[in-house]
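The whole structure should be built from the sequences, with the hints applied where relevant.
4 protein chains.
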Amino acid sequence: MTKSKWDRKRMDELEQWVAYHRLQASEGKCASYIPALRRADPTHLGICIIEPSGHKITAGEWDVPFTLQSISKVVSFIAACCHHGISYVLDRVDVEPTGDAFNSIIRLEMHKPGKPFNPMINAGAITVSSLLPGDTPKQKLDYLYAIFQKITSSAPVVNEEVFVSEWMTSHRNRALSHYLKDTGYLDCEVEEALEVYLKQCSIEVNTEQIALIGLILALDGYHPLRGEQIFPKQVVRLAKALMLTCGMYDASGKFAAYVGLPAKSGVSGGIMTLVPPILKRESPFPDGCGIGIFGPAIDSCGNSVAGVSLLKQIAHEWDVSIF
Amino acid sequence: MTKSKWDRKRMDELEQWVAYHRLQASEGKCASYIPALRRADPTHLGICIIEPSGHKITAGEWDVPFTLQSISKVVSFIAACCHHGISYVLDRVDVEPTGDAFNSIIRLEMHKPGKPFNPMINAGAITVSSLLPGDTPKQKLDYLYAIFQKITSSAPVVNEEVFVSEWMTSHRNRALSHYLKDTGYLDCEVEEALEVYLKQCSIEVNTEQIALIGLILALDGYHPLRGEQIFPKQVVRLAKALMLTCGMYDASGKFAAYVGLPAKSGVSGGIMTLVPPILKRESPFPDGCGIGIFGPAIDSCGNSVAGVSLLKQIAHEWDVSIF
Amino acid sequence: MTKSKWDRKRMDELEQWVAYHRLQASEGKCASYIPALRRADPTHLGICIIEPSGHKITAGEWDVPFTLQSISKVVSFIAACCHHGISYVLDRVDVEPTGDAFNSIIRLEMHKPGKPFNPMINAGAITVSSLLPGDTPKQKLDYLYAIFQKITSSAPVVNEEVFVSEWMTSHRNRALSHYLKDTGYLDCEVEEALEVYLKQCSIEVNTEQIALIGLILALDGYHPLRGEQIFPKQVVRLAKALMLTCGMYDASGKFAAYVGLPAKSGVSGGIMTLVPPILKRESPFPDGCGIGIFGPAIDSCGNSVAGVSLLKQIAHEWDVSIF
Amino acid sequence: MTKSKWDRKRMDELEQWVAYHRLQASEGKCASYIPALRRADPTHLGICIIEPSGHKITAGEWDVPFTLQSISKVVSFIAACCHHGISYVLDRVDVEPTGDAFNSIIRLEMHKPGKPFNPMINAGAITVSSLLPGDTPKQKLDYLYAIFQKITSSAPVVNEEVFVSEWMTSHRNRALSHYLKDTGYLDCEVEEALEVYLKQCSIEVNTEQIALIGLILALDGYHPLRGEQIFPKQVVRLAKALMLTCGMYDASGKFAAYVGLPAKSGVSGGIMTLVPPILKRESPFPDGCGIGIFGPAIDSCGNSVAGVSLLKQIAHEWDVSIF
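Taken in order, these protein sequences are the chains called A, B, C and D. FYI, in this note's numbering the residues of the first sequence are 956 to 1278. FYI, in this note's numbering the residues of the second sequence are 956 to 1278. FYI, in this note's numbering the residues of the third sequence are 956 to 1278. FYI, in this note's numbering the residues of the fourth sequence are 956 to 1278.
Treat the hints with care, as some may be off.
Since the list can't tell identical chains apart, any single copy or any two copies may satisfy a pair.
To be verified - Below, simulated DSSO-like cross-link-like pairs (lysine-lysine); rule was C-alpha separation at most 30 Å, straight line:
| # | residue 1 | residue 2 |
| --- | --- | --- |
| 1 | 1267 | 960 |
| 2 | 960 | 1188 |
| 3 | 1188 | 1267 |
| 4 | 1011 | 960 |
| 5 | 1093 | 1105 |
| 6 | 1188 | 964 |
| 7 | 1188 | 1093 |
| 8 | 1070 | 1267 |
| 9 | 984 | 1070 |
| 10 | 1011 | 1093 |
| 11 | 1188 | 1209 |
| 12 | 964 | 1209 |
| 13 | 1070 | 1093 |
| 14 | 1070 | 1209 |
| 15 | 964 | 1267 |
| 16 | 1011 | 1105 |
| 17 | 1011 | 1267 |
| 18 | 1093 | 1267 |
Since the hints were made in silico from the structure, they are not lab data.
Structure follows, in structure tokens:
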């Protein structure tokens, strides 16, 4: 089959699957803790796949904007590791999965007291945000925005309405942050770490942009469109290992079992995932790809219902598990 | 470089690394709860790598016999899934990693009460042993032994001294088993499930045999020496996902981060791991391989100190992470 | 008012209250884990109050037999302390209340590992049973039976049907026992400790007999009918403190707040409690009394619904709280 | 013996005991999280006993000022119950003891989510402070100060240095408060509840003043010097039950077992306790008394080492347990 025939076939398949899995969304519902998330259309489902050539395959509402939410945890972790080195960061946050909900405090108390289990749960991510270089939230965010810009070639935009809502309602995250301050794991003031964390969560993207992040992870930090290694390979591999073991909240184990790709989800319904190059000889993506998904109706763990369902089918039909 | 030159180079490297990492063993110590484990030589370190061609690379004390212990959990999980189908098994045991120690009861109480988190912790493995087909421990074990024989072409031998010692001292496992019986997750009597579980743990192997199991997992269930698909691909992929997220006790996250290969360890000091075919173009094992390691001095999590240390070097130098 | 007029008034009140609180029983249900408990009549409610003179006030089904269940924990704790001294026993079981259910394992793992929180939860009570003097279950039980006989002047009778049922279904208690064996807190074999514990739970009594135990506790170990100090005062005071802080399962705090008397309940619906002498000048029991209650419909914590409800009224109307 | 001879004898005994138990203080150390507590003299030990007649017995450094800290929890609980009624308050905070440390978050997550276990742990006390009547921290505090003034006949003074230090370092309490806000148990803003709570903790007293509070509790809310019932009897009894089951942090069970009196301690080294009237015929305090103790060297649970030690001797020698 020629490349273009392949493409046509895959796009047709994707369109059918998106139409089918969109129906699954009714088993979830949009996050409701702030108005902006509550207003999302629960029937939306979109996907964008980008290959190293820059070639894109899209289906459904792939270009509807949404906020990064927890997907930002991957980028801020990479950013902190780039600046401080891996071992500095891992002295402050562990890399062990946990069966708990993303916002649980229990484990903070039981573990080496206060050290967050991993950078993909809120406690770990807030710790990581506090580690970003800079003396003020603005400096820390500027560092992070510069990294986003390197990836997407445009300055990230914070959805101010979302940020303000998050800021007002973030009692659980404040509880976690004060706990971390008490145990000495926070590198700046509570309100500063929270501002950085909640602003990075409020960056507005669409599936193409997170697919691009995924693609660079697939290529171990190499940006194929810029032709430049933008992150150290070791940092990216570590991030992918964390995505696989902890990226889908307390359904990470199930996602690894049924899909088998490193992924990170957010409560806004986004999922960023990727296929490494030449996993198996017959892969439809021999050079790897990045995948961005948006489906705002989420399940009780916080993952897009239709998005996970669609990814199970993709992994099965196209045989792209890393296992 | 010709194939044989490659081989020579790799064997030389392996010999040097084994000599070096053997020194790490002094940071751990042999499991001491039963005499047979206590008697092991903590300075031992051996490795065997098998490629699909049957070609073997070995170094150190690769042929010293040891008992499978928790490595058997992978085989019994595959066996139960082969017989009952994946969904039957996953109704009785979950697939989520947990940050707890392998023998923790806490999570059994907090989780959907009593359902084990995953088949790689003791509670889950005992549940899986109870699911093996057969009305008696003997029948269940015969089913399991037949699977071992299919892999290694010889009947497995149970180390009776180890089994009897385990049987006498296994209070924690009895506690877990009675708890599982109480919550309804055990498919047979407590003493029957324990007999099966402790006998499968007491099967004697050397690194070549576990490397062979690893190789078959690397090839998604295909036995290259028999030329036969002996396990369904989906079952093997699920087993590998579980190994990656939960296979190294509560250091699974760190192992995924620093080594990045599906692996399962046992308290006797064994580690079974594998490299899938053609992960990256420049892999020294383009067709995949199975790896067996033995180093009886273990750390506080229960993993071979020298073995993990050696695998970090292999993963780094030969660049074989799945991420 | 003359003594006999007082008595008449109190008996009339008691009869009315029993009739009223009997109706509360419909909010609970009989324990159902074994047939003998399941068969109890949930509408039953009986009470017996004994004063130091031997004078008895009774109402309702006060003479229906039931098994001691957890009420036995108080007697075995006193027995173990009489034999070994308080400090020996408290080295093996703590005296802290816990907000957990009586059969929880969680706390065993989190606490100084394995040391039971207190002798009123199952883990602590099984530990205490293992401490009774004697090399066999029979010897340990004989020691305990002798103490019962000293109190009630007749040999205790074990309900064999209940014992056998408990023995067959006691998976949770076996789990606790094996855990305790593993952590070294059990002074004999698991099956021996369980036999002692489950037989003491299966002793058949009626409300008069437990009221008599309560009376002796009220008098700090003095048996008024025998005219003899049968337990050391310090041991009895300790037992009463434990009853107050831990005696009503995880509703102990509420019972202390709303009733304010040392008490111990059992899942068969029994409650043993007591009023110390001259708590307040105007007490209807200036010399103290023991109170036995039976009401087999229990709540989710394991306490007799009608019994607790009746005791709240008694405490309120007769003003007998120790606070 | 005449009354005055009795008094002399008791004062002599007290002086000897204080001299003896002062030596125990070296096993503890002063709270060190803020300068004002760190500066306390760890060898200090003082006691004041007040009888309903107003007669005082004192020994040691009974008049050294210290801050109320957690002892204030009893007064604010009584205040909230006086204003709202018991059931309103107990809808927002439970009355169950817990084996956890006073500042633990774990139980908040495991329990009916977020409802504090009892008003004697920080989470419960902060909730209670938020319930005090008034729309501002000042109004809430004025309500509480008025109650103090009714007891001690002088306006309470807040140690501003202590309050400011607490306010700056109170990360753990802020974590608890934000958690409570998230779960809906806080009746005002986080910063408001904290201001009230930390100011009540910073009220300066000496042992005489807390002995006076204890005396009023001993008399079920009756103020003998004013000749007035200042709190409802039911509220005071409930407060005493809570002090007995939860008043000495996670050593409450041990204190009930070895001392047997309702008591509340604070990290500044204060203990407020009491003897109810005519507990036993031969009591040295037939009309009851209040007891205030100050000994700033505390143990790992947060209780005055010398204070607890002294109270064990008093309870033993004077036979004043409520059991």
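Review point. Can you give the numbers of the hints that this structure goes against, from lowest to highest?
Key: Of the numbered hints given earlier, those the structure breaks are 10, 18, listed in rising order.
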